[in-house]
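Undergrad: If you're matching them up, the sequences are chains A, B and C in order.
Numbering follows the numbering used here, in which position 309 of the first sequence is assigned residue number 1551; successive positions increment by one, without gaps.
Numbering follows the numbering used here, in which position 22 of the second sequence is assigned residue number 615; successive positions increment by one, without gaps.
Numbering follows the numbering used here, in which position 99 of the third sequence is assigned residue number 195; successive positions increment by one, without gaps.
For the record, the hints were derived by calculation from the structure and aren't laboratory data.
Check before you lean on any hint, since a few could be wrong.
[Unchecked claim] Pairs of lysine-lysine, BS3-like flavour, derived with a Cα cap of 30 angstroms:
| id | chain 1 | residue 1 | chain 2 | residue 2 |
| --- | --- | --- | --- | --- |
| 1 | C | Lys-136 | A | Lys-1300 |
| 2 | B | Lys-778 | C | Lys-103 |
| 3 | A | Lys-1268 | C | Lys-136 |
| 4 | A | Lys-1268 | A | Lys-1360 |
| 5 | A | Lys-1501 | A | Lys-1554 |
| 6 | A | Lys-1268 | A | Lys-1343 |
| 7 | A | Lys-1547 | A | Lys-1501 |
| 8 | B | Lys-752 | B | Lys-778 |
| 9 | A | Lys-1588 | A | Lys-1570 |
[Claimed, not checked] If the Cβ cut is set under 8 angstroms, some of the chain B residues that face chain C in the computed set are:
| id | residue |
| --- | --- |
| 10 | Thr-676 |
| 11 | Asn-680 |
| 12 | Leu-691 |
| 13 | Gly-697 |
| 14 | Ala-820 |
| 15 | Val-823 |
| 16 | Tyr-866 |
| 17 | Leu-867 |
| 18 | Thr-869 |
| 19 | Leu-873 |
| 20 | Ser-877 |
| 21 | Arg-878 |
| 22 | Arg-880 |
| 23 | Val-896 |
[What the hints assert, rightly or not] Chain B residues, not near chain C, derived (Cβ > 12 angstroms throughout):
| id | residue |
| --- | --- |
| 24 | Gln-647 |
| 25 | Ala-661 |
| 26 | Ile-716 |
| 27 | Phe-718 |
| 28 | Ile-722 |
| 29 | Asn-731 |
| 30 | Ile-740 |
| 31 | Trp-748 |
| 32 | Phe-749 |
| 33 | Arg-754 |
| 34 | Leu-755 |
| 35 | Gly-756 |
| 36 | Leu-782 |
| 37 | Ala-834 |
| 38 | Ala-849 |
A virtual CB, placed ideally from N, CA and C, is assigned to each residue, including glycine.
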Amino acid sequence: MKKLILALSTAAILSVASGAAQAATKVCFLYVGSKTDGGWTQAHDIGRQELQNHFGDKVETVFLENVPEGPDAERAIERFARSGCELIFTTSFGFMEPTLKVAKKFPDVKFEHATGYKTEENVTSYNSRFYEGRYIQGKIAGMMSKVGVAGYIGSFPIPEVVQGINSFLLGAQSVNPDFAIKVVWVNSWFDAGKEADAAKALIDQGVDIITQHTDSTGPMQVASERGIKAFGQASDMIDAGPETQLTAIVDTWGAYYIKRTQALMDGTWTTQSIWDGLADGILQMAPYTNMPDDVKQAAMDTEAKIVSGELKPFTGPITKQDGTEWLKAGEEADDGTLLGLNFYIKGVDDQLPQ
Amino acid sequence: MTLAEAILLTITTAATPLLLAAIGELVVERSGVLNLGVEGMIVIGAVVAFAAAQLTGSAYLGALFGMAAGCLFSLLFAFLTLTLVANQVATGLALTILGLGLSGMIGESFVGQRGVQLDEIAIPFLSSIPLIGNLLFNQDLIFYVSIFSVFGVSWFLFKTRLGLQLRAIGDSHGSAHALGISVIKTRYLAVMFGGACAGLAGAQLSLVYTPQWVENMSAGRGWIALALVVFASWRPLRVLAGAYLFGAVTIGQLHAQALGFGIPSQFLSALPYLATIIVLVIISRNRRLTLMNTPASLGQSFVPDR
Amino acid sequence: MRIELEKRPAHSALFSMLSPFIALGLTIIAGAILFTALGKNPFDALYSFFIEPLTELWSLHELLIKAAPLILIAVGLSVCFRSNNWNIGAEGQFIMGGVVGSIVPIYFHEWNSFVVLPLMLIMGMIGGALYAGIPALLKTRFNTNEILSSLMLVYVAELFLDWLVRGPWRNPEGFNFPESRSFNDSAVLPELFPASGGANLGIVFALIATLLTWFMMRHMLKGFEVSVLGQSARAGRFAGFSSTKMIFFAFLFSGALAGLAGISEVSGAIGRLQPDISPAYGFTAIIVAFLGRLNPLGIFAAGIILALTYLGGEAAQISIGLPDKVARVFQGFLLFFVLACDTLIHYRVRLVTAIKARTEGEGAS
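Chain A extracted, bound-state conformation (with noise of 0.2 angstroms):
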């Protein structure tokens, strides 16, 4: 008995402890999916993970999962900022508006909003540059097809999806001017059996490379059963294609968010608009596998001169999809073209609606 109180009490002297030595920085994740969707989310929470790794007892990570956008996020939000979090992530683009609609209320309290464009004294929004993976991509799809026409299966078209179609094409078209796309939408960011029937579509109209920008395996599963090569979408999807997957580009928010929870620490947060790029690590390119070594170097050759910033994917002369000129030679996209993309480039079979 004597001894239960002792342990107890030495218990309690500890927690005492602990809790007066410093406080732990509380840093919130706000999820649209499920944190083991595969993809997108799970790539965030990849990063809340590292955060947690890098700092240890310093910091306090807590998430919320499968929020759905509009009055619950907002309220998540709220609870988040009230319940002592000083730094608050919200990972997906129907959050903007309910993110800056709780910081009004909560000036204290940092906030980051993903893939989005607005921005306050205490609201970061950061993104990454995808389309800079998807040029990569392009390259090898232009040196690896037989056929010149690859198959894109679609989320939703938002001027990040179209970046990204455009910026695969124009890495193909560097290779052989008269690639051509194919695009199916299927309406969702993650419905596993629609993503692989919209790759068996593709795959039975003859396209030999399938890419994606929906989050789930299904499409790499068919490829791979149909015995064509395809690329993987926000995280490494290699298991669901040993001989399948070429690349894959994998979103890597883990540098990002202990650098920005660093900067919190030490005083020094202030609010920007990060729109970083394969330069900056916020994402990274899977191995390259399932391809010739001439493919292989010409990736990393790419690869390297995006890093180095000797190549940027949107760079003329490019012809948009009804023949009129987008870029004159050697012109460089400003970001808030690029930001609200919402027109294909010459080679895409697909209509957006206007």
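Add chains B and C to chain A, keeping to what the hints say.
TA: Just chains B and C, lined up with the frame of chain A:
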């Protein structure tokens, strides 16, 4: 493989889970019970089938476990609605909520694993028939079961005594009871059959369609299956037609997109839903025929008077 | 051993009151077992589920925001279900209410006037009602089963909204992201007590709809007509009621309320149109309707309780790291226990053992 053949093959894969879940629900509804928990049972079947296949290494064992899991899960619904006469609509919806949550919990450690695929069984001679051979006789076991179940259920309902009793219960449980048929016991069996079918449909998703486990992978197919039973006006062969019609339009719209017609994808995506409504409008205009097949005591609870 | 039910001569007023509490007790026990098995402190978990959301004023506001659409839709559905019309598509009617109601603030975005909001609400109701009118028309004219048509129209509405906000209604100043213009101030549903939280007029609409529907069902001929036709179309015809008119009434009524919920949500809680405006409110409301035993007053309570479990689930995720799947499972438990305990109102439940059954049988003979 020709293009037409390839498209048809894709359609069968898309239609099979709908067909299985719908044929199970058809039997349930024919017995007078409305179980809106199909979505929940499918997703439980999917996760358990996947887990069992991963752990045992056998896709067949996986499918068996998936079926058993759907069946067990449906017992929960049966106990509430048949023994405790809880409201069927609400209980079914609650079953879906529970199923989606529970499957997420069970499946957490299986996310991202490469699945075991159920392999195809080529039926000797038949599978070499040109055109249809590969399509109909070189498929996985669940496909064969799904087709067999249509004719099996049709035979059971309309050609056997037990089937007659089941339909009698669905039409008027009071009279059936008066005739000495065990209403509750028959309904329990019907619900369990529906659960097993939905479980197998789930197994098809995680072992054949896309051999992997992801949360909510049923993606609303349970609801479509429910609608298909109504579409079929409770007749098995029409369920077959409905499931394949829905599958065909779903796949067709993806091909239309890939061909680049320039129609907004949302309109094309809406086609399967509109097509089912329109076809149902056309086939259900004969009021007498429709009423004849509608289980009259659908959704009503039964408590025997003593 | 088996369970046997014996119908009570009249429904038990005592158990009518007690059953929710018995259900709550059972849920707490089952929940405690579940949380303990997962290595969480059951007291903390239950506290964050049921108490924490109620301890702060802002959170009470949020509770009302979450509950309002559920109640509005469910009250409308109760009339539909009571008249034996199976409207499963309230989700679609909610969306179309939001869409039609948004026509004014999107096309006349600079129009600042006190008439804007009432106009939006009325148009939202009309939008929901007309969309619900489709299954009603198909049912009466072509004998098409409404379960299928109303359900399928949900998907059509979702895709239609998706197309609108990505195409013609996209905010011209929004970098082509999928959302409409933000509504101007005169198109936003006012908050009730802005100082303490965000609850808006939506909950007031829910309350009014609840009371009016309760009054109609209880004291008006229309309510009687709904019940009679719902129990037996034949009996209704003898009484001179038209089941065709009733089909239209039920669908238009529930559609209008779902549409009102939709435009209230878009105008109040969201402030613009976006691809997702409903986390499946229309489906969840079906449960709410039955949890409330199809009685408007009961539905009001059920809506609040269901909303509480959503808020509680979030609180539990944040304060004790309870996974969101577990919260769903726990929600399922609660629903099952509530539904099961309602049995007690109409029935006596007895456990019959084999021996007892035999002696009873002998006694009877």
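Undergrad: Each hint: holds or not?
TA: Evaluated hints:
Taking the CA atoms of Lys-136 (chain C) and Lys-1300 (chain A), the gap is about 23 angstroms. The hint holds against a cut of 30 angstroms. For the hint pairing Lys-778 (chain B) with Lys-103 (chain C), the CA-to-CA distance comes to about 19 angstroms; that is within 30 angstroms, so the pair holds. As the CA atoms of Lys-1268 (chain A) and Lys-136 (chain C) are separated by approximately 21 angstroms, the hinted pair is consistent with the 30 angstroms bound. Note on Lys-1268 (chain A) and Lys-1360 (chain A): the hinted pairing holds, with a Cα-Cα distance of about 24 angstroms set against a maximum of 30 angstroms.
Distance restraint check for Lys-1501 (chain A) and Lys-1554 (chain A): the Cα-Cα separation of roughly 25 angstroms lies within the 30 angstroms cut-off, and the hinted pair is therefore satisfied. Note on Lys-1268 (chain A) and Lys-1343 (chain A): the hinted pairing holds, with a Cα-Cα distance of about 21 angstroms set against a maximum of 30 angstroms. Annotation: proposed proximity of Lys-1547 (chain A) to Lys-1501 (chain A) holds, straight-line Cα distance about 25 angstroms (limit 30 angstroms). Under the criterion of a C-alpha separation no larger than 30 angstroms, the hint pairing Lys-752 (chain B) with Lys-778 (chain B) is consistent with the structure, at around 20 angstroms.
The hinted pair formed by Lys-1588 (chain A) and Lys-1570 (chain A) meets the criterion: a straight-line CA distance of about 15 angstroms does not exceed 30 angstroms. Annotation: Thr-676 (chain B) was flagged as interfacial toward chain C, and the flag holds, the nearest CB pair being 5 angstroms apart, inside 8 angstroms. Residue-level restraint check for Asn-680 (chain B) holds (minimum Cβ-Cβ distance to chain C is 5 angstroms; threshold 8 angstroms). Residue-level restraint check for Leu-691 (chain B) holds (minimum Cβ-Cβ distance to chain C is 3 angstroms; threshold 8 angstroms).
The closest approach between the C-beta of Gly-697 (chain B) and any C-beta of chain C is roughly 3 angstroms, which is under the 8 angstroms cut-off, so the hint is satisfied. Given hint, Ala-820 (chain B) at the interface with chain C, holds; its Cβ is 5 angstroms from that chain's nearest Cβ, closer than 8 angstroms. Because the closest C-beta pair between Val-823 (chain B) and chain C is about 4 angstroms apart, less than 8 angstroms, the hint holds. Hint on Tyr-866 (chain B) holds. Least Cβ distance to chain C is approximately 4 angstroms, under the 8 angstroms limit.
Taking 8 angstroms as the C-beta cut-off, the interface hint given for Leu-867 (chain B) holds, the closest approach to chain C being about 6 angstroms. With a least beta-carbon distance of about 6 angstroms to chain C, the hint placing Thr-869 (chain B) at the interface is held under the 8 angstroms criterion. Contact between Leu-873 (chain B) and chain C, as hinted, is supported at the beta carbon level, the nearest pair being about 5 angstroms apart and thus within 8 angstroms. Interface hint at Ser-877 (chain B): satisfied, since its Cβ lies 5 angstroms from the closest Cβ of chain C, which is below the 8 angstroms cut-off.
Look at Arg-878 (chain B): its Cβ gets to within about 5 angstroms of chain C, closer than 8 angstroms, so that hint holds up. For Arg-880 (chain B), the interface hint holds, since its Cβ comes within 8 angstroms of a Cβ in chain C; the closest pair sits about 5 angstroms apart. Hint status for Val-896 (chain B) relative to chain C: holds, with the closest Cβ pair at about 5 angstroms, below 8 angstroms. Under the 12 angstroms C-beta cut-off, the non-interface status given to Gln-647 (chain B) relative to chain C holds; the minimum distance is some 19 angstroms.
With a minimum CB-CB distance of about 20 angstroms to chain C, Ala-661 (chain B) clears the 12 angstroms threshold, and the non-interface call stands. Every C-beta of chain C lies more than 12 angstroms from that of Ile-716 (chain B), the closest at about 35 angstroms, which supports listing it as non-interface. For Phe-718 (chain B), the shortest C-beta to C-beta distance to chain C comes to about 41 angstroms, beyond the 12 angstroms cut-off, and the non-interface label holds. No Cβ of chain C comes within 12 angstroms of the Cβ of Ile-722 (chain B); the nearest lies about 36 angstroms off, and the non-interface call holds.
With 12 angstroms as the threshold on Cβ separation, the claim that Asn-731 (chain B) sits away from chain C holds: the shortest Cβ distance comes to roughly 33 angstroms. Chain C leaves Ile-740 (chain B) outside its interface by the beta-carbon criterion, the shortest separation being 23 angstroms against a cut-off of 12 angstroms. For Trp-748 (chain B), the non-interface assignment is confirmed: its Cβ lies about 25 angstroms from the closest Cβ of chain C, beyond the 12 angstroms cut-off. Separation of Phe-749 (chain B) from chain C is adequate, the least Cβ-Cβ distance of about 24 angstroms exceeding the 12 angstroms criterion.
With a cut of 12 angstroms on Cβ distances, Arg-754 (chain B) stays outside the contact zone with chain C, its closest approach being about 25 angstroms. The claim that Leu-755 (chain B) is not at the interface with chain C holds, since no C-beta of that chain comes within 12 angstroms of its own (minimum 22 angstroms). For Gly-756 (chain B), the shortest C-beta to C-beta distance to chain C comes to about 23 angstroms, beyond the 12 angstroms cut-off, and the non-interface label holds. Non-interface call for Leu-782 (chain B) relative to chain C: holds, since the shortest CB-CB distance, roughly 16 angstroms, exceeds 12 angstroms.
Every C-beta of chain C lies more than 12 angstroms from that of Ala-834 (chain B), the closest at about 14 angstroms, which supports listing it as non-interface. Every beta carbon of chain C lies more than 12 angstroms from that of Ala-849 (chain B), the smallest distance being close to 15 angstroms; the non-interface claim holds.
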